[in-house]
Each structure stands twice: as structure tokens, then as C-alpha cells.
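Trainee: Protein chains in written order, with our numbering: chain A, 1 to 219; chain B, 1 to 254; chain C, 1 to 239.
Quick caveat, the hints were computed from the structure, so don't treat them as lab data.
Since this is a predicted model, take the numbers as computed values, not measurements.
Hints are not guaranteed to be accurate.
To be verified - Facing chain B, a subset of chain C residues (Cβ under 7 angstroms, in silico): (1) 19; (2) 23; (3) 26; (4) 107; (5) 195; (6) 196; (7) 199.
Claimed, not checked - Just a few of them, taken from the derived set where beta-carbon distance is under 8 angstroms, the chain C residues facing chain A: (8) 33; (9) 115; (10) 146; (11) 148.
The C-beta atom is built at its ideal place from N, Cα and C for all residues, glycine as well.
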Amino acid sequence: MKIREIVLPGDLLGERKGRKLGAGVYEENDKVFSKFLGIPRVSENELSVIPLSGTYLPRFGDRVIGIVESVELSGWFLDINSPYPAFLPLSEGVEEFVDLQRVDLTRFYDIGDVIFCKLSRVTKDKTVQASMRDFESRKLRNGVLIKVTPTKIPRIIGKEGSMITLIKNKTKCEIVTGQNGLIWIRGERKDKAIEAILTVEKESHTIGLTEKIEKMLGE
Amino acid sequence: MIETYALELIQNGKRVDGREFTQFRDIEIKENVIETAEGSAYVRFGNTKVIVGVKIGTGAPFPDTPNEGILSVSAEFTPLASPEFEAGPPGEDAIELARIVDRGIRESKMIELEKLAITPGEKVWSVFVDIYIIDNQGNLLDAAALASVVALMNTRLPKLDVEGNIVKGEYDGKLPVVHKPITISVCKVGDKLFLDPTKEEELVIDAKLSIAVREDDKICAMQKQGNKGIEFDFIEKMVDVAIEKSKELRKLVK
Amino acid sequence: MKRTSKELIVGGIRTDKRLPEQAREIKMKVGNIFSANGSAEVRFGRTVALASVHGPRPLFPRHLQESQTGILRVRYNMAPFSVVDRKPPGPDRRSIELSKVIRLALEPALFLEDYPKATVDGFIEIIQADGSTRVTGINALSLALASAGIPMRDLVAACSIGKVDGTLVVDLNGEEDNNSEADIPFAMMPNKNLVTLLQMDGILTKEELMKLLDMAKKMCKKIYEMQREALLEKYKGEE
């Protein structure tokens, strides 16, 4: 198994030379260092490190999968697999007019429901708001939910969605990936899909992974 | 906020109360302030006030030191001394402070513990040092360590009757004290070093190295505190400052 | 303070056949506790420390939360069976102080400001003790934090140094620790040259202290290289 280069916290990535600082790095006296055990990305324009492990930190615009953990008077708190819950206000979760005097909000989403949504606000102290006011957001029904290391999601999706499309096509499963490390899967061959996803997660730092998955699902 | 101001001043080489970086606040020492204790002291650094009482008892020695007396140091951060202090069992700061003071006394061999056996292997003197914080305006450790040394130096040993029981209110000689350890906490903000921080200054300290020094300039205890690191090459400077300053404070202890 | 009449260093050789500047056999393993976000086991001779990290996770009760930054909490604990005479379980004054100094030894290395209101919880269990337990625990917790994906400026490497039978030594074992003239637990961030733990008890001249600190720095560089290897080992596959 060939592996990609791995750096550790405190490893020097190079002089900054006016480049953009991406995620996972810090600067000291114009030198850029890694914050994480991870895979370095150093280009002419940017320096960053993709951590090999870690907890999900909410970012504005992320598409995440949340689980309803409490129903409030005017919305829902979602567990988004992070130290910070997201609040989904009624107006961001339901399109129709709701008379709060008469309608119980559990009619729309109840505790334990799984929701695909977008993070529409993240403040500096990590107060998070979610929204479902777009085409892709919806309640996810009847599937299974698996948890992977959030930093591995980009690898699971692959370049321009190549990896996840491969898994979807080969297993004929419906798959929704949340950037917060939760993945929802529905379909007859979900076992195969899960196996493939977990393999990508485990070996994300190796080279030649697409071929391996192709072979695995081709059998 | 006052601490932001304190930080700005320190970075510009000044302090909130106009002191030099290595200058302590005015120090007041009173001995024998508690009549019910065998030894005691009150120490004031500016508005920081500490009382130390020493109680003497008898007890069985520790199995690994059958011929030595027992030394025990505790500290109480009583709620009267600061809005941040809470009632209840000692917290980690009080425990840490007591243990640093304990190490300064014990490791300097200030008290000749081996002279405190009454019946070797069976009965020895126990020396209980209790540190009481009365008012916290910064640098509790140096004040508590100084008060403990002063209190131990004036501690009397109770008289024993023929059966070996303590005769209350009567004394027979003093605690055998042979060294004078002085604890100096050297505070660091960036590349600035200073001593005897006020409460505001303590809030902006990067790191602090508390060093106990004996009269022969030997170092007998150290503890790094604060939530930033200290540049390796800075440590020697901090040790030098502590050794130098300890001489001055020791003169206050007669 | 020396409590034994036994000579601990004879002809420049220590009771466990080491040279003064030689550490015991050091072993490190990352990722042995599945339930934790990060974990490690470090052995210095017979001293064995396990460390795990849970979090960052929400901090309750809410009044403990800091709106600008996350916090690190550390618990250092010795198992009742880790020493010759059973140690009663639960915290004592020593473990409370050690938990604090270990936290302060690791905090400078962390970007806790990335996790406002949250907590990172680090746990150290000494399951077998033969001296230098806190520094062994710091090495393990540093590995656990890195493997948990907590953002860090550098790793933290730690070792003990001291004076035994008049000789300056590194990595004191239990017997040496109990009978030393001086004993210094030390930790630093090797790439940053920053000292994050420095405690001492005993009697030393300034010159001896400075020499010991140089020895500690050298040893920490070696330990750091082992920590690197242990972390990379976890991600190395078969050829």
C-alpha cells in the first residue's frame, strides 16, 4: 500500500511568500506550519492541511445531516455531530404558514428525525443556524445513517463527486453525504455501499483507492 | 479593563502602581500573631495579606522515616479573601500552593526533622503549617512561603509530661530550624520579567517560574505556572533574578 | 532525600544498568482505545501510562463555558494496583496538583480558541508506576491529542532529570526518584524551544540545574522523534 505524505502538528510547510492560508495551518514570522496530523496541500497559491482525524466544526454554507434532538416553541435543535448544535427556525424549516397557537411542531419534525440541511449562519462563538430553504434540503426517511471521520468526507465524495458516484452507480443506492461526517444510505445493497465508504475512510491517505473500490464493488 | 491596561504598561516597561520590575510592594511582617498557635506570622505584600499558623502535635512516624518528625502544609483560600474563592474543600490552586510551599520547606531541610523523634520509631513531633489567605491582591505564593518560614522560625515545642503527653500552654524550647528558604516567583510577559505581581498583572502573565532559594544560593524547589511556555534560554535569567532577590527578602527574616 | 543505604550508582552505572544520560526502554503506541477520539500508551521501562482524549465536546454546566475559547481539562490518576502498596482509588492532593501542571504543560501547544464554549478532556491513567509517571503521562496525552485531531502548534515531549548519588541523570526510575538529591519533571515543545513544565524538588546549585536542563532538552528531542514515529506508524500500511 503506497501512502501520501503525512505531516504532524508543528511541521514546517514552507515560507508563506504571500500565499493564501487554507484550513489546518498557522503562521509564525512568515513561516507556515501544520496544525494537524494530516495530509499537506502546498501549491503556488495556497497552503493547507487536511486532518486525518478530528471533530466537525460548523462552517457557513456546509451541507450537513442533522438529527432532531429537541423541539422548541419556534423551531428545532439539531445534533450535527459537533460540539455545537444547530437551530432550525420554523421559518427556515417549513414553507407553509403555521399557526403556532394551534399546530404542534412535531407534526413536521419530531425528535430523532433525520434532516439534510444547509448551515445558513455560524457566529464567531459558534452559534449555528440551519436552513432548509433550498432545493436539496429535505427530511431523510427510512435509510440508515453512518458516521465517518468528518475530514474524510471530501475523499469519500472524490474529485467532482467521482468516488461517491461510483459507489452509487455500482450499488444502486441512494446516498446523501453531510459535510459533518454523517452519511445516509438507502437501497437494497446498502451493506456493499457501507463497506465501500468505510474502506475509503480507513484508507483515505493511500494512493490507488478508486481502482480498489471499483474492484471491490465489481465482484 | 484594568488588566488590558496592566499589560500595555508592562510591554512599555512600566507597572500599574509605578514600581520597578524587580521591586516588591511594601512588605510588612508580624510574628506571633496567634496566641493559640505554637508559631505564627502575618505577612502583607501591599494589599495581599496572609496568616500562617503552626500547630504542633505528636503522632506515629511514617514507616519509611521512623526517626523523623512529620511536616504537613495545607492552605485555605477562604471566601473572605476574594470573590473568586469558594467555600468547601481546597481546590487545585490551594493544593498546588500548599505543595509548593511544602517542597520549599522540606527540600531546603529548613527544619531538622531528624531531631523531632520523641521515641524513635514510635512517637514523633508533627508540625502542621496552615496557610490562611486573608486578602488576595496577587502573589499569594511568595507571601505564603515567607509567612510560613517566619512562623516556623518562631515555633515553640510544647512541654511533655513524664508520660509523654503534651502539657497545654507550657513550652520547652523551639523548633530546630537551620535554613531560610525564600520563594521568589518570576513572572514573564513576552520578553519582560517582573516580580510580585498584583492581581491585575497576574491575569496577563504568560508564565511564571516560582523558585525557592536557600541562603547558600542553592535552589531547592521550582514550579512553572501559567498557560504559555517559557523560551528555553529564558530560564537561566529567571533563576538569576530569583537568587538575587531572595537575598533581599531574607534580610527581612531575622 | 536518600532513604536507602544502597549505592544507586556504582562506577558510573545505575541499578538498572543504565548510564547517567541514558533513558530506559521507551515504547509508544497510538490509537489503542477505540471509544476515545484519540489515545496512546507510553512505557518508560516499567512505568506505563495510558491516555485518551474525549472531545472537543459541549461543556456543562453552562457557566463553565468560555465564549472566546475552549478549555482543556486533565485528570491524572494512578490505578490502585499500580504501586507496591495499594493506593486508595480516587483523587488525592498529589494527583490534583499533577492534573493541573500537566494541563498547563499541554495547553500552550493547543489552539483551544478554535473551539469556543467547548471542552477537550484528557485522561491519564498510570497503570504501572516506576518513577517519572507524570512525564510519561504527558508524552502519552500529547500523542492522544494529536491523534484526536486537536489543532496543535507542536507536540509536547517530556522527561525527568535529577541528581542521584551526586550524579546528574535522566529518566529517574522509582527507586532513584525516592532517593534522589533532586528531581525535575520537564516538558517542552521541541520545535518551538518552549518549556511548558518545570518543577523541581531537592537541592541543586545553579550550575547543576543548567546542566540538567540541557540534558533534558536533548532527551526531549529524542522522545519527540519517537512520538513522530508512533503517530506515523498508525497510518503506515503493509508494503
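Trainee: Now tell me, hint by hint, if it's right for this structure.
Mentor: Okay, the hints, checked on the actual structure:
1. 19: The hint is violated - residue 19 of chain C has no Cβ within 7 angstroms of chain B, the shortest such distance being about 24 angstroms.
2. 23: The hint is violated - residue 23 of chain C has no Cβ within 7 angstroms of chain B, the shortest such distance being about 19 angstroms.
3. 26: violated, 22 angstroms
4. 107: holds, 5 angstroms
5. 195: holds, 5 angstroms
6. 196: holds, 5 angstroms
7. 199: holds, 5 angstroms
8. 33: With a closest approach of 13 angstroms, the residue 33 of chain C hint is violated.
9. 115: Cβ of residue 115 of chain C sits 6 angstroms from chain A, so the hint holds.
10. 146: Constraint on residue 146 of chain C satisfied, holds at 5 angstroms.
11. 148: holds, 6 angstroms
Checked against the numbered hints above, the structure breaks hints 1, 2, 3, 8 and satisfies the rest.
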